[in-house]
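K.L.:
The residues making up each chain are set out below.
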Amino acid sequence: MATQTKLSVLEETRGGDGDGGNWGEGSRGRFGWDPGAALPVGLTGIWIAMASITMFFAAFTSAMVVRAGLGADWTRVALPHILYLNTAILLASSLTLELSKHCLKAGRAGQFSGWLFATAGLGIAFLAGQLDAWRELAARGVYLARNPACSFFYLLTAAHGIHLAGGLLALFYLVARHRRIAEGAIGGTALKVTTLYWHFMDILWLYLFLMLILWV
Amino acid sequence: MTPTHSQAIPRKAARGFLRKYVFSTDHQIIGKQYYFLALFSALVAMLLSWLMRVHLAWPRLAIPGLGELSAAGAPNGMMTPEYYLSLLTMHGTLMIFFVLTTAPQSGFGNCFLPAQIGADEMAFPRLNMLSFWLTFTSLGALLSSFWARGGPATSGWTAYPPLSGLGSITGPGEGWGQSLWIISIALFCVGSLLGALNFITTTLDLRARGMTLMRMPLTAWAWFVTAILMLLSFAVLLAACVLLMLDRAAGTSFFIPAGLIVSGQMIQGHQGGSPLLWEHLFWFFGHPEVYIAILPAMGLTSHLLSCFARKPVFGYRAMVWATIAIGFLGFLVWGHHMFVSGMNPYSAFAFSVLTVVIAVPSAVKTFNWLGTLWGGRLRLTTAMLFALGFVSIFVSGGLSGIFLAEPPVDVQLHATYFVVAHFHLVMGMAAMFGIFSGTYFWFPKMFGRMMNETLGKIHFILTFIGAYCVFMPMYFLGMAGNVRRYAQFVDPYLQPLMPLHRFITVAALGLGAAQMIFVFNLFGSLFGGEKAGENPWEATTLEWVAASAGKDLVVYRGAYEYAVPGKEKDYVMQNAPDASGSRAEKGARDGNAN
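Taken in sequence, the protein lines are chains F and Y.
Numbering-wise (the numbering used here), the first sequence opens with residue -3 and increments by one.
Numbering-wise (the numbering used here), the second sequence opens with residue 57 and increments by one.
Source of the hints: derived by calculation from the structure; they are not laboratory data.
Keep in mind that the hints are not guaranteed to be accurate.
[Stated by the list, open to error] Partner residues are not named here, just some residues of chain F that face chain Y (Cβ under 10 Å, in silico): (1) ALA47; (2) ARG63; (3) ASP69; (4) ALA88; (5) SER90; (6) LEU91; (7) VAL138; (8) ASN143; (9) LEU151.
[What the hints assert, rightly or not] Just a sample of chain Y residues kept apart from chain F, beta carbon distances all over 12 Å, derived: (10) TYR216; (11) ALA283; (12) ALA295; (13) HIS336.
From the three backbone atoms N, C-alpha and C, an ideal C-beta is built for every residue, glycine too.
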């Protein structure tokens, strides 16, 4: 994801010229803008934010791999089965969000709103499911500091949950304005940004879940 | 703030004092807020360094007033060794985070990145305001630890566990002080990440028509690359801070091994953690941080040498690629901070080679600075003097980095004043010279008035001589085996070095006193300086374009068109569209014809 942004930067670098080879319209590359049109800063911003969030989780997961290799105190945890259901719910939410976007493009306002509401509902269900996983572990007496594997389980799910809650807030923002978005009055960029971020949360969870299955 | 913002781009007037000057979303105001936050932090940090230096030179001297600041840390003005470490930690943390990261990037960058690329605001103004107030809160959290029970943290700006992970059993400042330190740095991380996001988006999306990346001033390039470093490295430090806090507060064992005996007590409840894991995470941030501090000053130096030598930057493209190369390599060399940690010699070798490779883009930059000066018609303004001073200090500090990059040499020198000399010159002093040159250069734009040049030159001479007197002797101390981080030098083998320590202390007091000239000049000029013209330095970049030029700037040329043959004046502004003359014009016309 970050690479794509970087490549575009390089592309534009080549397009530009210290001696002023091209300076007129059309020399701006992907990040150019037409005066008067809405600026795509939100889209650029979310790509950059995702690069940073990737580094944040890369730090956590690399710490986990290193810590797991350190000693005998790494005791594996039986993962709660509800995590599989949660994963399915999150995948479904990405699908409903895509459907929602598709319906907006096709001009089916009612369906657009319906799928959008469904996405937000599935997002809430995912977070509730994650909380349930915590409750199940706690009932088994598996707390944060019991052993390093549990620590990383709670750490990664909590960090992902907080980031996903941010995406959920963005979805609520869209839900609150769904009529005006359907009319095309506002929110084109907001919808794009939220969709991108929501899919990212999805992919991030798949990565984290895989790491949990392999190490925790 | 004088009302002479004649050159400022007109924008919607904010209502009320609070919205205009305190909770402002205006990038110029936010830039100034960052600048003054850094200035305040620098003065506090300098005061702390005075206290440390006086104590090192005259360990039996009671320092008046210190007993009032901390009755436990300095009973009757005599600081305890632990309190010395608290001062050391606060000095390092204030300088690295709140001065060297804040002033050149967030301060000057906020004021002038949008202006230089022809945007009238940052991409996300409200996020920008949030970044500043997070940084402000972070500073408050850090400084409040002076009044916390046990005083400030004692584990240095690197906060190595287990010292930093066990709580007050490891020392008076390791209770509340260390917790506040971690909270402060975590907040700083978030503020910096949001700031970096803003800088990158602004640079990519909001450049004026014709402002291709390869026409950007080297200052803008430096802010851009620095923002990328911040975006990727502060995320890792934030993660590390979360882990450290959990070790302290929630009883986890990420960094704390089993079987520790501290203050005569066996530590219970922790096992299996690795302090080395913290070191890797910390230095993965820590080394890019060095370049976060120095790259903006490098960009500014390139900018000023060109402007005041009245010549184009020698090798503009090489400068850009050297900046990118330094930023990239900066992520691959963190292990050279850990040569003495028991690292596998093969890893040390890899880190060593990569570290030495950084000398190449650094040397490219130095060569190009000299090339820019060669044959120029130098205008020795104060800003120019500080830029020249930067080159000198950067070389004096940077060369010793090649020594320290060799593991066998580093093993000998790592815990000595040689390292103190190295990083204070190449990172601390060099970046401070960058901040000073930026202040003298941009003050007319920021406040509409000129700073006093005579006072400025006195300030430069004293600072230049003072910096060398304080830090060069530390190389010799280090080679003589003088350990660092000690609160007192009582071992017999260090006694012959004490006269040199006293010399350094006197020089440090003088260097600090000379900064009062700067502070006096800054605030005096703020209210009583001579009114500045639209473009007092006859510079080419867009921040000096008159407001009357209107909002829709179009850029026709690169940033350094000085002394273009056949021109009436010896500089051409980036937005000047004239029909005849420069190579750039012809190129532009050819480009259009295609």
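K.L.:
So, against the hints stated earlier in the document, which numbers end up violated here?
P.N.:
Hint check: 4, 5, 6, 7, 11, 12 and 13 fail, others pass.
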